[in-house]
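Kindly produce the complete structure, drawing on both the sequences and the hints.
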Amino acid sequence: MKSTSEIAARPEHAPAGAIAAVLRSEGAVAALLVWVVVAIALTMLNGYWVSVAVMMLVWCYLCTAWNLIGGYVGQISFGHGAFFGVGAYCSAYLSTTYGASPWLGMILGMGLSAVLALAVGYIPFRRGLSHLVFALLTLALAYAALYGVSGVRALGGTNGMFMSLDETGLAALRFRDLWPYLIVMAAFNTVLLLVLQVLLNSRYGFIWRATRDNEAAAAASGINLFRSKQLAFAISAAATAVAGGFYAQFVGFIDPHSVLGVHVIIQILLFSVVGGTGTLLGPVVGTFVLFPLGEIMRVQLMSLEAGSHQLVYGVALVAVILLLPGGLIGVLRRAMGGRWFPAFSLAVPHGASAEPLPRRRAAEVEEGAPILIAEAVGRDFGGVVALRSVDLEVRRGEILGLIGPNGAGKTTFFNLLGGSFPPSRGRISLAGQRVDGLAPHECTQLGIARTFQITQTFASFTVAEAVFTAALPGRTFAEARSIAGRVLARVGLEARRDVACAELTLSEQRRLEIARALATGPSLLLLDEVMAGLTPTEVTGVIALVRSLRAEGITVVIIEHVMHAVMELCDRIVVLDAGAVIAQGLPHEVSRDPRVIEAYLGKRAQQFAAAATSGDADRHGGSPNDDV
Amino acid sequence: MSLELLLQAAVSGFLMGGIYALIALALALVFGVMGVLNFAHGDLLMIGMYGVVLVSAATGLSPFLAGIVMVPAMMAIGWVVFVLLIRPIVGSAPLVQAQLTIGLSFVIQSAALLWFGADLFNVPSELAASPIRLGAIVISLPLLIGFVVALVASGLLAWFLSATVWGYRVRATAEDPVMAQLCGVPVQRVQRWVFVCATGSLAIAAGCLMGFYHVTPVVGLQFSVLSLLIVVLGGLGDLRGAMVAALVLGVAEALTSAIFNSASAPAALYVLFGAALLLKPHGLLGRGAAV
Amino acid sequence: MNRFVQAAIGLVVAMAPLMSSPARAEGEEVAIPAITAMSGSTAVLGQDAQKGIEIAVEHINADGGINGRPLKIQVYDTQGEPGVVRQVMERLTRMERAPIILGCEVSAGTSAAAQFAEQAGVPYLNSSAVSAELLERGYKWYFSDQITADSEAATVVDFVEHLMTQGEVVPALLYEDSPRGAGTIERVEALLKDRGIEIAASASYSRSDRNLLPPVKRVQTSGANVVIWAGYTEDVVAGLQAMQQLDFKPYIVGIGGGPGDVRIPQLVDKGFIEAVNLSTADYFNPDMERAQRFVKSYEERHGIVPSSYASMCYRGAYTLKAALEKTLEAGKELTPENLRGALIEVDIPGEQLISPFSRIKFDEHGRNIGAQNLIAQWKDGATKKVTVWPPEVAVEEPNPLN
Amino acid sequence: MKLSIEALVSGYGLVDVLHGVSIEMAEGEVVAVIGPNGAGKSTLLRTISGLVAARSGTVRYDGREIGGLAASEIPRLGLVHVPEARHVFGKLTVEQNLVVGASAAPAGSRKDALAEVYDLFPMLGQKARELAGGLSGGQQQMLAVGRALMARPGMIMLDEPSLGLAPLVVEQMYEALDGLRRSGLTILLVEQDVYMALDFASRAYVLENGRIALAGASAALRHDDHVRRSYLGI
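Quick note, the sequences are listed as chains V, R, C and F, same order. Residues 11 to 638 (this note's numbering) make up the first sequence, in order. Residues 173 to 463 (this note's numbering) make up the second sequence, in order. Residues -7 to 394 (this note's numbering) make up the third sequence, in order. Residues 19 to 252 (this note's numbering) make up the fourth sequence, in order.
These aren't lab readings, by the way, just hints derived from the structure by calculation. For each residue, glycine too, the CB sits at the ideal point set by N, CA and C. Hints may be right or wrong, so weigh each one.
[Said to hold, decoys possible] Listed next, with one range per pair, are the computed distances between beta-carbon atoms: (1) Ala238(F) / Glu385(V): 54 to 60 Å; (2) Gln284(C) / Ala181(V): 56 to 62 Å; (3) Ala588(V) / Tyr30(F): 38 to 44 Å; (4) Ser201(F) / Val337(R): 22 to 28 Å.
Here you go:
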């Protein structure tokens, strides 16, 4: 899709503002912390502790790089040992065999690691497999790399490789003194932290966090989950390789176990988790506390029996994780309260602007002509037929009701339209274009937006951020901001814009679902039971909202059990039963259809429905007009 | 390479796989019932293995019997670990669980190093000397006994889960602990007993292993990783899948080692694992809850 | 916030004594550091090494120390990790200002330590790693009084040739694929080729393999009757069990700590050990006349006879002692430069050593030209391990090829 | 009194959801709790059944203080909670679900209880060996109620039994519940469909912002201005 590739290229906001935002950020503070360590090490400590500081910065860097995929995207990688090793071996091989600068090997290592990451991530991310599958695949990668390298003669096999000691200087990444190592590693840390901060302030920050918080909602917001995860994983892997190249030169010797062993990832996880993942400061603080502590324990408890220091270290570790579940950074955050770094400011404009809601590629069909056509669409799960065969068309500008008993296949049908999974048979086209088999974000970008029966929210987002993120794919920051403002005003969530998504009441969550769908700029809106569980008054509000959306030209398909609302709202109704259409037509026709009554409505409800359509103000026929 | 060699590798790998299954089933059950992926699983097994060594040395029992003797002790250890460490992290983020159990693994490993030193221990047994010969193929008796014991234990577990009221309760707890509570199932007690029994079963597995293998303070990690691979390959929460995965892994391990004859051979095993997982992300039997 | 400040202060206070460079002890004591892996996957080596060092220091001090001054060797744990080794080396050279470092490290750790020592300009005296590659790198500060893979290979092939005089020999190689095993076997292979001896099979396995039937079967099906085998204790135990199950009884010539482990008879059926004539190329055997003082002290202290690991660091401490004494006798300060000079001059006759070496004398690469192996064989129902080769140090004849 | 709640305060995290709720129910009574979303209806039931700890106030069942009891203890006293969204054990068969439901019942009563439930919901008997996950929403709701009855309860609390169900199924559901009501079972009902709730219950409480705003007989509430405006949309 063209719009997909556009996401990457666009400049976000004025450079000056961006720079200021980065400088005031967590990443800048973390980088500052790194340089404080450098200053302390160089002015106050002896060579040994400077050496410890260098290794500490290596680990700090590794944790920060891992945190991008593990903390921000929420995909736990056990494979970073492999990327570390790839960096180390590339740099070692090129420099010892061809006399090339280790920097060259480092760059090659970055490339190779990124390619490796893309290869390992390809299938689990493409097919949306579980986190655990990804984690175990990366673990397998780590072991495969460890044993794989062990058998390669050119890489020294299990004997390892020695760096040449002849040359020194920046080009050889080898120094007589210790301090240049410290400076180089601090510089690597700084660059990485600032690059990550810039990325997090950009659209990717929102995309990654949304992906982590809720994949289904992120995909429905038009985010390409596959690209989002692959990008983060590749960046994280490439960054990790740099540390490997540095380590090889610093220690002067590498062997498979030392750079590819499991202890690499165990250390990374340890420092990151104790520090606190998903924040830039967490892994830095975690490393700065734990690494020296481990070193002190090793040295202080050396005279005791072998293994004592690890025992004490292990017990301390277990205690910290049990007592401080949010990590050290969680404690700090609570202590600082409101003085914690504000999230990157969104400044979504207030006010119900008269501007119309955004529209993607307004479907090029005439009012009343079919915008969406489903032909003999079916879907099986394993051996179970969820949807037998559905023929259905949605006409532009109408509100179509989709009703039927539970298990009739209504939500399955929505999932097919929204791209959650492909149909097993049949075809779906939107304004003449085939859409079956597309991914959710592609459907969203073509103008199909949906809500979920069970509301899906982004736990770490405010209401405004969630709507902004849905507006973001394929648009600039400014456009997305303006859209978010308009949509919030339209669905009546303006007053709640800065509240965390998780704190909304049920009816507000339903509105947020609709807002998120609207922000993507749909021409076809799929509403899945947005009224279930709402009080009649709230239902009335939703009915009014849906009507106003239709008035703007958005075509709506609605699955609903609240019969009086369906009867009142819909222009046309399609009834599904056992995975097939059993009736369709105008509301009053459908509500009198004996098959529909038999399969779905029941006698009493049918009376209510009939009463509602005929406008008879029976006690159940509360029409919204009476309320005004 | 001769067919005979491959056959020998396959047979001994298959028997080994049975013992892997017993180890992995305990992990799968704990993961299923309380959602905790225990990275210290292999280290708990290692405690059992040291226990078997001690019991055998003190009483002269065969390792298999010593394993049975160790069951109550391992259950007690399971109890303590559950109350102190596992219960607090039921329902926490996977990363926290991973890290805490990795921390526990650290502690167990270091403690073993302190108490037993880095030397290896085993239980020499007469059984190893008298294998069964089927033509050119040799079946190691301890391995065979281990396999049979593992099979019986797994069968008992399957029967318990699918045919007893407490088995239903365990499965109900695994699926929806809150609802199980509302049904009057004492969920915490179920979780505790599952962990205690799973840890206890490791004593049996330890007995089977010590029939032909040895223990050092670092063997825990390899069994943890192995069980993780099996549980995921089997399809999370699919016990029968785990059984199949364990047998497949045992055979694959022996075959790759026989075929490749290089330091890189184990890499082939992990590549195979990756490929299998990609082709069958829902577990080998395709019934697990991988997505 | 307060809690944090307190924690931070606490941390700084805890670190304070470590950060300041301690003034060098002006006392009588000569303090030299040693590095080894006391924890981690190679801890078994380090733990034995430490025991050997302890006894060496006791013996040296009982005999009058270093020119009357007591010797102290502090052992530092490196976990066998190159990264940690570098850190520890940094600490020892920059903070402790050690003039020389005794190394009882595994190969990987030794490699990292040698690289560091070369840069830092501090002599590193290796007494455990057998890597020949390190000696070929032209280091100025690296000395190894240990045998090398080359001398091991030579001894093994000599012994195989001795067996060939008794009948037809079909040799096969079996090895664990770490540098220790693979490195030596590689040299054995080259040497056999040089002498025109054909190998029937070569099978390797990983230390973590739980199932050694496949590689052992591979060797068996090749028709070999002599197996040259390099490995660690755990895999040698597993491999012997596999051989027993496969009813495979070759003449085993082992290399390294595994086949030579003194506890093998406790771990494997004794009859089978005898049946395969289990013998090992080693740099130590407790039955050697000249090792008796060490062996007795060790047995008293630890209840078992010392392993080769323990012996090598005992020996290392004596090499160190010689260098220290040479420096002090020349009226020189204990500086890295002076100690390097002293090491070059060291020449200890074989009779004073607990190893089967002819002497300890370094060539220009830091190689000990007097290093040589012995071959020890389990005898009398695997109740004793007897030195059987080379004839100069042999206590009994080797078992004949059967 | 079958159930008497006094000045109950409870909530999650730092937030109180219920600010002093008092409710009384007599043996055999059917009482509904209605109110807008977020008012605390589900929290009320979750507090009574021990899933949420009460912060103050008392909950008495059959005259016995049950605050502080574990959630798995309360069904043993005969007070069973059927939570929102059914929560059947999808990987267990229908019958296994019912057997798990009998965990709180006195030993030996399982067979009779099973027969009674199959009698009340014949569909469950037909599908006894099928996996509960394969049932339709309505069938699952029936299973959820049946499972609660397996505990031989003296009182059940139903949370939104009609949520997400097709109208025909809701009707069938309430027919079955009607049978229970007539058998004298004490029922506390939380229901979004206010018509349905007031039809079914004899009395109702209106819960707003964690407080009881109004209480009375169903018939009276149906004509109450506030109720008509806010909930009936009239």
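The hints, checked one at a time:
no. : hint                              : in the structure
1   : Ala238(F) / Glu385(V): 54 to 60 Å : holds (55 Å)
2   : Gln284(C) / Ala181(V): 56 to 62 Å : holds (57 Å)
3   : Ala588(V) / Tyr30(F): 38 to 44 Å  : holds (40 Å)
4   : Ser201(F) / Val337(R): 22 to 28 Å : holds (26 Å)
Going through the hint list in order, the structure satisfies each hint without exception.
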